[in-house]
Amino acid sequence: MNKNLPNSFRTGPDERGHFGIFGGRYVAETLMPLILELEKAYADAKADPAFQAEMNGYLKAYVGRPSPLYFAERLTEHLGGAKIYLKREELNHTGSHKVNNVLGQIMVARRMGKKRIIAETGAGQHGVATATLCARFGLECVVYMGAVDVERQQPNVIRMEMLGAKVVPVQSGARTLKDAMNDALRDWVTNVHNTFYCIGTVAGPHPYPMMVRDFQSIIGHETREQMQEVEGRLPDSLIACIGGGSNAMGLFHPFLDDPSVEIFGVEAAGHGLTQLHAASIAGGRPGVLHGNRTYLLMDADGQIEEAHSISAGLDYPGIGPEHSWLHETGRVKYLSATDEEALAAFKLLSRLEGIIPALESAHAIAKLSELAPQRPKDHLMVVNLSGRGDKDVPQVGDILKGRKK
Amino acid sequence: MTTRIDAKFAELKKQGRAAFVTFVMAGDPDPATSLEVVKALPKAGADIIELGMPFTDPMADGPSIQAAGLRALKVGMTLRKTLELVRDFREDDATTPIVLMGYYNPIYIYGVDTFLADARTAGVDGLIIVDLPPEEDTELCIPAMKAGLNFIRLATPTTDDKRLPAVLANTSGFVYYVAIAGITGAAAADSKVVGEAVARIKRHTKLPVCVGFGIRTPEQARAIAEHANGSVVGTALVDALKGSLDAEGRATTKTVPAVADLVAALAQGVRGAKQAAE
Chain A
0 MNKNLPNSFR TGPDERGHFG IFGGRYVAET LMPLILELEK AYADAKADPA
50 FQAEMNGYLK AYVGRPSPLY FAERLTEHLG GAKIYLKREE LNHTGSHKVN
100 NVLGQIMVAR RMGKKRIIAE TGAGQHGVAT ATLCARFGLE CVVYMGAVDV
150 ERQQPNVIRM EMLGAKVVPV QSGARTLKDA MNDALRDWVT NVHNTFYCIG
200 TVAGPHPYPM MVRDFQSIIG HETREQMQEV EGRLPDSLIA CIGGGSNAMG
250 LFHPFLDDPS VEIFGVEAAG HGLTQLHAAS IAGGRPGVLH GNRTYLLMDA
300 DGQIEEAHSI SAGLDYPGIG PEHSWLHETG RVKYLSATDE EALAAFKLLS
350 RLEGIIPALE SAHAIAKLSE LAPQRPKDHL MVVNLSGRGD KDVPQVGDIL
400 KGRKK
Chain B
0 MTTRIDAKFA ELKKQGRAAF VTFVMAGDPD PATSLEVVKA LPKAGADIIE
50 LGMPFTDPMA DGPSIQAAGL RALKVGMTLR KTLELVRDFR EDDATTPIVL
100 MGYYNPIYIY GVDTFLADAR TAGVDGLIIV DLPPEEDTEL CIPAMKAGLN
150 FIRLATPTTD DKRLPAVLAN TSGFVYYVAI AGITGAAAAD SKVVGEAVAR
200 IKRHTKLPVC VGFGIRTPEQ ARAIAEHANG SVVGTALVDA LKGSLDAEGR
250 ATTKTVPAVA DLVAALAQGV RGAKQAAE
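As they're listed, the protein sequences go chains A and B. Here the first sequence is numbered in numbering that gives the first Met the number 0, starting from 0 and rising by one per residue. Here the second sequence is numbered in numbering that gives the first Met the number 0, starting from 0 and rising by one per residue.
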């Protein structure tokens, strides 16, 4: 596919934060000194055994790791092909994979002496994880959330407020995740001296895409070990949903150099790829936004277009830069699932396995339903069940009720 | 090579005064009115024009300039039309420097080399691109210099002495000192503190230093002009323009005078400044 394949897919980014042409540090000068300071602080932390030991302690006793790798017997029977395992990230404290990254970043923030934490959130899962760890460590927490998302993810807004965070509904632009990120960046530029920006996904200026990936890679490392224990070998394929792409990158990264492992990312196709959607790779092209070069949805003038997905967590017109690079090198295949397919998968997993998935994760389940039947029964397929669907129950309930009428 | 910006600062030095730099958004509230507004700026006393390139996601701008960009985009403003506006302005004005200010993505999508060639032909003198720090100089800064355009860098309160040389290395035309850590339209900075910061930058460069962010009134513009080579006003002008629009956000007969009157008052302020010794 690509003649210039690297020797390893796991050595990026380079020292300037680039994955191929993607990534980089496209930020205002006010933020540059802090970003360089963060890069250094993170490198120091990464090399410090005491930091790792402390983090491992919290991951075990506070987050509840390792998360189980669960054989989904009835789903496997139902689809009649590959043997399906669910990586149960929804069982983590706070109900999603987001906490893995937040714990790491909050510990880095503490090392840097920062007392005020800001975050952007779409579905509210990253916001809840940030509010949780700020409560745990006694830090001030401000979460920017698009006004549209505040409306459709009320349970998480209430949770964040209960945890002591201030939730700021963002009224600019499309009033979803992209705009929440703009306002978080505006806050950061204003309060740069005392504030740490806890980015929720593998996007933003270097070192964020790398740092968030590193903190999320525990998902893939555990999966490797667990699969070795139960099946005595590597999985044959991996599949995960992608908004910014942190749960996917966390699962994929430890397997990138295992050529026998097929890897699939699933973007949100919304109403369909020819209509409103949030699939940056399928429907976008490389551009520069929010500190990095990556695939973006935009018009011919380079103006960013509004994304659409039923799932607030995938409703973003971009994707992490490392995913853009993995797409261009051909290492990961990027697919997409529509709102309808995700809803069907949401119901399917609830009924067959007694697990209500987040609407985000339901996009991965949706494509699984296509891929698994095409594969033999000894094919081992792992789906990242990145979050639980409690937050989506009111929204999905309303949609289903509306249809009965 | 002497650019219009260099020539302007040389002329102002002879006159013994600081520059008054004005910012308006290209295409706000519509392309035709915007051209009239821009034409009115030098006549009302502006020395240098910063012209905003509308962008959907202006991460360093406050609500006023965000809204101005969205007004322009709503009526179909594009980067190509912004260059046309400059070309039309140049038909009557061959000397007032024009600096395009905005974000990188529309330029990247236009194509860097084509954009630089078209900008130069249209009569653009310099660029201020908020999201291109020196770490990304190969993207646009170096090509712009080669194409004969000034690349004007922002220095901020967080740019310390250690970092300043990197920020100043490929800067030309002038240095834009952002008076506060924050977004456009935020609170004003103390002019004495700004004076110290300008003096610090001047220890590293011979380029003129202009100061912006938070300057709204003739008094503030004068106070800053006493410590720097120029005062930049943006949000106040954008607000004056917005205040002149009708209920549907369209231009009225008051739109051009609303901006021009404020520019005249601010220019008076800048001209009243006692020029600090070089």
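It is worth saying that the hints were derived from the structure and are not from the lab. For each residue, glycine too, the CB sits at the ideal point set by N, CA and C. Please note that the accuracy of each hint is not assured.
Far from chain B, some chain A residues (derived; all Cβ distances over 12 Å) [to be verified]:
(1) G23
(2) Y25
(3) D43
(4) E72
(5) A146
(6) L162
(7) V191
(8) H192
(9) D235
(10) D256
(11) G290
(12) R292
(13) K376
(14) K400
(15) K403
What follows is a list of derived Cβ distance ranges for each label pair [what the hints assert, rightly or not]:
(16) B/A186 with A/A52: 40 to 50 Å
(17) B/G75 with A/I398: 28 to 38 Å
(18) A/L4 with B/P142: 21 to 31 Å
(message) Please list, smallest to largest, the hint numbers that this structure does not respect.
(response) 1, 2, 7, 8, 11 and 12
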